[in-house]
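Protein chains in written order, with the numbering used here: chain F, 1 to 240; chain E, 241 to 1107.
To be clear, the hints were calculated from the coordinates, so they are not data collected in a lab.
Just so you know, not all the hints are guaranteed correct.
Short, incomplete list of chain E residues facing chain F, as computed with Cβ under 10 Å [said to hold, decoys possible]:
#, residue
1, A537
2, V538
3, L542
4, G547
The C-beta atom is built at its ideal place from N, Cα and C for all residues, glycine as well.
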Amino acid sequence: MLSATGLTKEYQSGAHRLTVLRDVTFAVEQGEFLAIVGPSGSGKTTLLGLLAGLDTPSRGSVHLDGTDITAMDEDDRARLRGAKVGFVFQSFQLIPTLTAIENVQVPLELRGEANASDRAADVLRRVGLGDRLHHFPTQLSGGEQQRVAIARAFSNRPRILFADEPTGNLDSDTGTRIVELLESLNRESGSTVVLVTHDLALARRARRVIRLSDGVVVSDMSANGDGVAQAPQTSDLGAA
Amino acid sequence: MSETKRLQRLMAIAWRESRTARRRLLLYMSSISLGVSALVAIDSFTDNVSRSVREQSRALLGGDVSLSARDRYSAKATTLLDSLATAGVGVTHVTTFASMGLVPRSGLTRLVQVRAVSARYPFYGEITTEPAGAWARLQSGRHAIVDPSLLVSLDAQLGDTLMLGTARFVILATLRSVPGDLGVSAAIGPRIYIPDAYLGETGLLVFGSRAEYETLLKMPPSLSPARFAGRFNVRFSTDTPRVRLRTVAENEFNLTQSIDQLGDFLGIVGLVALLLGGIGVASGVHAFVMRKIDTVAVLRCLGATSGQVLFIYVLQALAMGLVGALAGAVLGVGFQFALPWALKDFLPVDVNVTLAPMAIGLGLGIGVWVALIFSLRPLLSLRRISPLQTLRRESDADVMRRAQRDSAAMVVSFAIVASVLVIALTRAGTVERAISYAAAIAGAIGLLWIAAVLLSRAAKQFTRPAWPFVLRQGVANLYRPGNQTRAVILSLGFGVFLMSTLYQVQRNLLNQLDLKLEQSRANVVFFDVQEDQAQAVDSLIRAAGHRVVQEAPIVPMRIAAINGRSVSQIMADADNAAKAARARGERLTGARRGPSSWALRREFRSTFRGEQMPSEKLVSGKWFAANDRTPQISLERELASELHVALGDTITWNVQGVRIPTVVTSTREVTWARFEPNFFVVFSPGTIEKAPKQYAILAHVPTSAAIAALQRSVVLRYPNVSSLDLSLIQRTISNVIGKVTSAIRFMAIVSLAFGIPVLFSAVAATRRERLREGVLLKTLGATRRQVGRIMLAEYALLGALGSLTGVVLSVGGAWLLMKFVFETSFTPAIAPVLLVGAAMTALAIAIGLATGREVFRQTPMAALREA
């Protein structure tokens, strides 16, 4: 469903070349719940950006649903995101000038779908915000904002959902509820979920965990124990 | 899903997303409102005036055709007119001249414009009076209808007797309106209408008197004015004296053409205002774009293409631009009602103010286009905002810097330049003028721009670590990334520049007039003094104990030949040369064009004397030698060049039928503004002494009461002699200038107002950075007072530097205008202009602090949460 092949991302910083990701290769099946973990600076967010087509790699490719997104231009990638990808961010990223329901409607309307508002209201009710449809982001708590963001991410029934530290700005109870919500939506809709986090407790809930360190995949483990450690585990991972 | 549906959805997003930004976007877009209002007002106004001229064109001329001459018509022309009258053409006359009016009851006198009219004058249009209907009774006796100002200055009332020369008239009524007369003309000399049957009784039109003879014709239905002109124009215009023929259509063309020129000139001011507004829009929208980076990044994550993002925000800008332009159009219509009032003394017609849909449509169209094209430049950067922003925030400046390297931005910049040219073309009519207008505008804006860049560099260069923190911080704001120094200097500087240039020019012109009048040795002049009266008037002045300063004999004459070739030969040659050149497709200029026909055919009023006057300076040749009896002349420099004559050339004069040959031995520069009789041609003594002549006598009389007494005693004895009091000229000049000044002041205030919304936009553009910075400073322990003082330092500097730039440029501009347009010296009036600068600085500070008030209000916590 999603595969990364030899993904490398380098930045030129003055005379230095900084390699943030080095030769990352893995594949994700439809309906999987995958967590990418690693300490700060390990390249998690960079990897997420590349997988979702928000950025282009220096080398390597990303295939989403059989399409090589690294070969697409910026606008085609945007269309692909609109059609198949959902996002949940650490800082929610709701558009402050729009109400909850309007935020959820945006991806639907960008695709030109009919009944956008009915669909949006429906999804919001499913995340438990049926009574908050017309509130602006500033009138909602952090947990509620994240639920709006999740509703927005699922509103166009994405084939894959990327979540970047979705609980990072929330207390642990609210965070747990958000993860449960993600899990249930993953089960019900069959969407693939790729979660980036440095919270190991959260990562443990995923059925598969990829660990990154210094831009390299150091392990790739399934919940049932099978998997391959691709490199020796580094000590700082435990600290993360 | 159809494309229309898709567009509708995008429009819905655009509408919702603009929710909180509408007011701010509208504020930026209001920058163009004043420019649009200026264009709409000016175009509507010229449209109204032109239409009024067309509607009232026959009333403005008074007939279908007007004939006019500077002298009594020749016998031939008179016969022709008589035969026309018998053939069914309506004929009526008006003779206009200056004379002294005296009211015996009050004993007061004043120089007036007498208009002696015959029955049926005018054929079209109505001269209205107070009490109404008096015009119809004018011809029924020795009646006069006068300007209301005359009653005031002669302390007279209706029913009083008014003496003109030796005739007495009863003042029947005052004038309310005369079609075609400018309101300002009454300020030059009050008008008096009398029946021309009694013109002879006044005894005023004697030898050498200057008068204008005009005849109005009313064509029978079978004869169109154009056909009449075609048939008779040559006959009248080649007659001596020359009779000028004007038809209604020609008169209308001349009037509307000058109105159009005025409109074009004012339109340039409007255009500049609009472009300044465009710059305001660009800087405001730039700020708007900065605020939208996060939202756009999210939209991109959610699948919006760059085209969709651009569409959403262009739509918002377009909608607000339309609202801004509409507000401007409404304001413009308001101005349109004010303009005829502000300019009423300079308009020949009663302006019927009606809405001009073309002008409104054009103003709106240009306004929306300028708003769109100028906002497109910053909006284009939105296309380049990466969705990656949602994961990793870069600084706004970095995002924008990357986004601005774009070929589409180049296309838009080119489109801006092309738009300015095209819009200038709608003003200028010809490509050449459009380019020069656009270049002039670009020059003014470019100079201010360069000044702004230099200032922001200088700020960086000269900041010293030893300066107090708040000052350093304030100065640093002038050159930090994303600073608005350029926009503020541009808007503020331009306003100050326009206003102070107008002020400097006006002040300098006034000063020079005052200076020249003060230098004059005399303060009262008697003119039209006949040869046999000169001695008596002279003794009358001396007997009253006053000093006669100068007695200038005046001899009327025309040029007969130059270097042996007659005027008609010279003119025929020039005509042939011009025709031949046209056939070759050339236009003759300068020396090749031949002498000007104006100079060749005019009547000269010349003098003779042995000595030079203080008001003239020899520029070539030698003044007449005392013992040299050959007939010589000294020419005024401009006239010599118009006639294409040099020292040593001979000019033969026709003096009352006697031919007098002379040699040009010198040329002079004459200060015409001096209160003294000045002459184009001065003859050497002994050349024309025997010719029939009249005199102008200048005297110095100490008090205005003594002047009035002297004028009265002269006019009672010699009614044909007119006199003019210097203080009257001064009053007249300051009266006229006062009217011009208030019209200019109106324009200046409007032009200054143009800058204010731009200033607002420019200041609001950096609000976000300011807020972050202010809050950060507060978090680090700065008090509100310190934050306030940093802002004060910044805006005080911006205001002062902007105003100073405007003032410096205006001194340069005014100097150029005085030197090349008015050809006179220039003294800068610094103090009052600096006062304007100080006021503008205060305004900049007020706007800056008002826009930044959120920085004071915001608590550090709230802002950190937002960031």
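Could you work out which earlier hints the structure fails to respect and list their numbers in ascending sequence? none
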